[in-house]
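J.: Taking the hints as your guide, dock the two standalone chains into a single complex.
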Amino acid sequence: MLEIKNLHVAVDGKEILKGLSLNIHAGQVHAIMGPNGSGKSTLSYVLAGRAGYDITEGSILYNGEDLGALAPEERAAKGVFLAMQYPVEIPGVTTMTFLKTALNSQRRARGESDLDAVGVLKLVRAKAKTLNVSEEMLKRALNVGFSGGEKKRLEILQMAIFEPKLAILDETDSGLDIDALRLVAEGVNALRDPSRAMLVITHYQRLLDYIVPDRIHVLARGRIVAEGGKELALELEAKGYEHIVGQAA
Amino acid sequence: MTALATRPIEARKAEAASVWQSHGVPHRRVEEWKYSDLKTALGEKGVGADLAEWRVASLPAGVEMFDLSLSNPPDWVKTHFAANTGNVMGAASLALSAGGVAFRVPKDAAIVAPLKLDFTGPGHVRGLLVLEEGASLTLVEGVGLSDFRNVGFEIALNARARLGHVRISPGAGNSVLVEEAFIRVAAGASYRGHFASFGSKLSRMELQIALEGEGAEAHLSGVSVLDDRRHSDVTSHVIHRHGNTNSTQLFKHVVGGRGQAVYQGKVTVAKGANGSDSSQTAKALLLGEAAEADLKPELEIFADDVKCAHGAAVGDLDAESLFYMRARGIPEAEARGLLLQAFLEDAIAEIAATDQRELVRTELLTALKGIA
Chain G
410 MLEIKNLHVA VDGKEILKGL SLNIHAGQVH AIMGPNGSGK STLSYVLAGR
460 AGYDITEGSI LYNGEDLGAL APEERAAKGV FLAMQYPVEI PGVTTMTFLK
510 TALNSQRRAR GESDLDAVGV LKLVRAKAKT LNVSEEMLKR ALNVGFSGGE
560 KKRLEILQMA IFEPKLAILD ETDSGLDIDA LRLVAEGVNA LRDPSRAMLV
610 ITHYQRLLDY IVPDRIHVLA RGRIVAEGGK ELALELEAKG YEHIVGQAA
Chain V
9 MTALATRPIE ARKAEAASVW QSHGVPHRRV EEWKYSDLKT ALGEKGVGAD
59 LAEWRVASLP AGVEMFDLSL SNPPDWVKTH FAANTGNVMG AASLALSAGG
109 VAFRVPKDAA IVAPLKLDFT GPGHVRGLLV LEEGASLTLV EGVGLSDFRN
159 VGFEIALNAR ARLGHVRISP GAGNSVLVEE AFIRVAAGAS YRGHFASFGS
209 KLSRMELQIA LEGEGAEAHL SGVSVLDDRR HSDVTSHVIH RHGNTNSTQL
259 FKHVVGGRGQ AVYQGKVTVA KGANGSDSSQ TAKALLLGEA AEADLKPELE
309 IFADDVKCAH GAAVGDLDAE SLFYMRARGI PEAEARGLLL QAFLEDAIAE
359 IAATDQRELV RTELLTALKG IA
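For the record, the sequence lines run as chains G and V. Quick note on our numbering: the first sequence kicks off at 410 and runs consecutively. Quick note on our numbering: the second sequence kicks off at 9 and runs consecutively.
It should be emphasised that the hints constitute simulated quantities derived from the structure, not laboratory data. Just so you know, these numbers come straight off a predicted model, no measurement behind them. Do not rely on the hints blindly, as some may be mistaken.
As the list claims (entries may be wrong) - Going by beta-carbon spacing under 10 Å, a handful of chain G positions derived as facing chain V:
1. A435
2. G436
3. R459
4. I499
5. M505
6. F507
7. V654
Stated by the list, open to error - Calculated lysine to any residue pairs in the SDA-like style (CA-CA distance at most 20 Å, straight line):
8. V:K47 / V:V64
9. V:K124 / V:V64
10. V:K377 / G:K548
11. G:K560 / V:E328
12. G:K536 / G:G520
13. V:K209 / V:S77
14. G:K548 / G:K487
15. G:K487 / V:P339
16. G:K487 / V:R36
17. G:K548 / V:T362
18. G:K548 / V:Q349
19. G:K548 / V:E366
20. V:K377 / G:K560
Backbone N, C-alpha and C fix where the C-beta goes; we use that ideal spot for every residue, glycine too.
If we strip away everything but chain V, and leave its shape as in the complex, we get (with noise of 0.2 Å):
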């Protein structure tokens, strides 16, 4: 891909520790971040500078690993680690984190079984994972909670690779849970990402993805049950730098009590990135005057011929669906749940790996029976 490694490790590393010297942590007056006030969330302890740990609960047979806290990293690393540093937290993990960890599937390598991976206890953290040439993989990333964690992933998928990513942040009261991830999608390469989350005090997932050769993929969907004060933002940037490449996003969110839902999904499509198709979904259900959900899907075209949709929605649920329910017998309860569950059931059938859209699946009707 990109020549990065030309660039030293450290010298990507002192440029991520400016970045974030001179924007700080930020917060609601910085327009990213307007929805979640990372800021107010954390208070006078800010982001400290330990060191966040990783788990990894299932490694199949044909992935490599290493850890980012030892020296000589192998060349794959060289050359895709802190590839990106622009972005603020992605930044900070960089300059405060000390480790993390990194994995390769080496070229034409179909991995069947699922790569388990958790991000646990306070602090900062790096990850990595490289698809080399036609390989394919499921890496299921799993979400500790804690009181704050920034974790920054990077995700570089060379020719003809295909991941499918599902990532599950279960229901905190008190955790600050922020993650960036960087994903470069080369040609006939595929990313295929699923985020379900039940919210925390500020949880933020941001994605930034650019499709970098023909025919490169992504496709994003996401579904979140928020209730109380729980707060769940997914933060999306796809840049079409290349033409025929095609992304689609489509997030469904259910919010009851003070929860806030927030999507903020932009697409750019270069100058020159001729015949590129995207679409973007974002629709919430409130169920309560104090619930909040703010979408704002963006599009920024600098090219010709593309096809580019993009549709947000706010609603209740539907009154005519509840009474025709109930009018053939189905209590009220039960009615708005199965109404919840179907208005979530297009993004949770974009999960591809069928454990994994089961689990989501499982644990969106448990959150729903709680704030149906």
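The shape of chain G in the complex, shown without the other chains (with noise of 0.2 Å):
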């Protein structure tokens, strides 16, 4: 479903990811881990198709199509989905408006017709019961005020609502605690499909204990330093990434 090869990146200038490659299929889930600045940010930001974040060299095909050629909302058309490490408080956008305009968008660019706002009350009512989101936090404004936990919750709210085929999630667990946690990973493990493919994207192994992957690459400077499978996370955990990474070099 994606097939990331040698993929080159630049922020301002200055080449963040060096040569990245990365195959994941239907079905299955694969994490990224990698200490502070070895690109992690950068590479869900270039899925998802921030500004900013330019394709310098290699190339990012998800179905076979060129993501680096489509508009961000058109990547959320065709199924991709990144839920962020920082979501974006947006006062005067009610939660519920958003998740309303957002989900119509994308079908409307499918060729399919708007739910209309029973429709949506609906299907968003029935999502939110199992994520613990909550009528009040659907009323309020978008992310404002919200705690880490509820942001995050929301962020996985939004992926059960929009039913992406490919899901980025990008340091879920920071600032959650545990009970937070496991809710939330209880929430991305529900959505576990055969049609979808997750990329989970961490700094540390204690995400994985709960979503538990099916493939692990370690990313340090740039370009995927190591891969395994899920014991590859004990081993980071107990052992450092200086380690792995320093064997690498």
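T.: Structure (structure tokens):
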């Protein structure tokens, strides 16, 4: 589903990703682990299409299509979803209005008809319940005054509503206590599906206790320096990044 | 209120005429008019001496009305009319207009239906609104398009009176529209004014508000969406004459093209007006290189133990927010529109009357579609 080949990405003229390659198939969950500054967030932003993240070499194919040529909203409509590390607070737009606008924008782009207000409300309510997102949260301005856990839950709620084909989770565990982490992980696991691929980006092994990946890639200095099964996370936790990154250098 | 009734209206008019004659049409070298050069905007035609018109679209039962061009005004007009003659353009409207309209809401009358008043046509005109003790009203003021109009509006709120004032100035390429409002707020009374503007060649709303008694309040808010070469200026001076008075101001502007938004807000806390509380916020989003915002909040404090906050900010749409929305599938133009609307939302929410709030919101949406 996702084929990244020799990807080089520059931000403000500075090369951050330096020849990253990665393949993810439908039904798989891959994890990217790496120390701070290794390029983890750059990878997530370039996949979602953020301006200022320039592909200078290599390619990203998504279901055979050049992802780099698509606007962020086109990627979303085609099933790419990025759960952000720092969800943005938008005063003046209620969460419900935002969800409805986003959902119908995606539907329209795919040539589907709009869901009416009642339809959206039903859908959102049903999904919100399992993620412990309250009616009151949905009425508040988007992410404004939300706790760290509430923001992350809302990200996963969006993932549940939009039903993406490729979900990228950027540091979804950051700022969560153990209960919030468990809730979010359960939400993610419930969305594991043979037709869906996931890329879980994290600094710590902790999240991978709950979302068990099929494959782990270690990112350092803009490249994948080690790969392995889920046991690689435990090795990293025990020996530290320096050990593995140093070996690869 | 003040003992103006002791001086005949004619004397006050004469005083205004002398103020007007000594100053003339303000221009950009006059500090208060630096960003709104009226003289240049008017050109050779000047201010003229036409009598602009007024039209009452809806007069709720219980509100008294008097045509100011008639002789033998009632006592309440004699008491309150032409109380303030110091402001240049206000003085011009007094000196040059022969008429206008006055309203009075009697003591303790709670008027639910809005009073709808439009000023139209070119020239000068006066308005007067008196709310007696404990009275309440919503005034919806319409602004008709015209080459040039100068409105002088006096509002007197007696003790515990409450006025909601909503003024919508539609977009117009060539109109030069100037209005001065003089508002006196007595003890326990409240003035809440909202000024929505879509700009014109020159468009200026000037407010002078005196909080004259314990617990008096003034809440000003406004939004503008300006494109092309449209200009909109809100200049306010709120004077806390008495202690324990409260004022808030919140103005938001979205400026595209070669538009220009101006906010000059001065808050004065007079000597002895201890315990006064004021806040001023003005923000503008500039959507292009040639768009301009001149935001100037100012404080003058002569009292102790006061709480005064002010702030101004000019910026562009937040790139993070825009990316977030697009990454969730919302097309760029729609995302920009939503963010602009969201930016204006807290100022719109200040409008207490639901119908008027929805009206302003709808007009803003239309204007934003053209600018986003």
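J.: Against the structure shown, which of the earlier numbered hints fail to hold, in ascending order?
T.: 1, 2, 5, 7, 8, 10, 12, 13, 14, 16, 20
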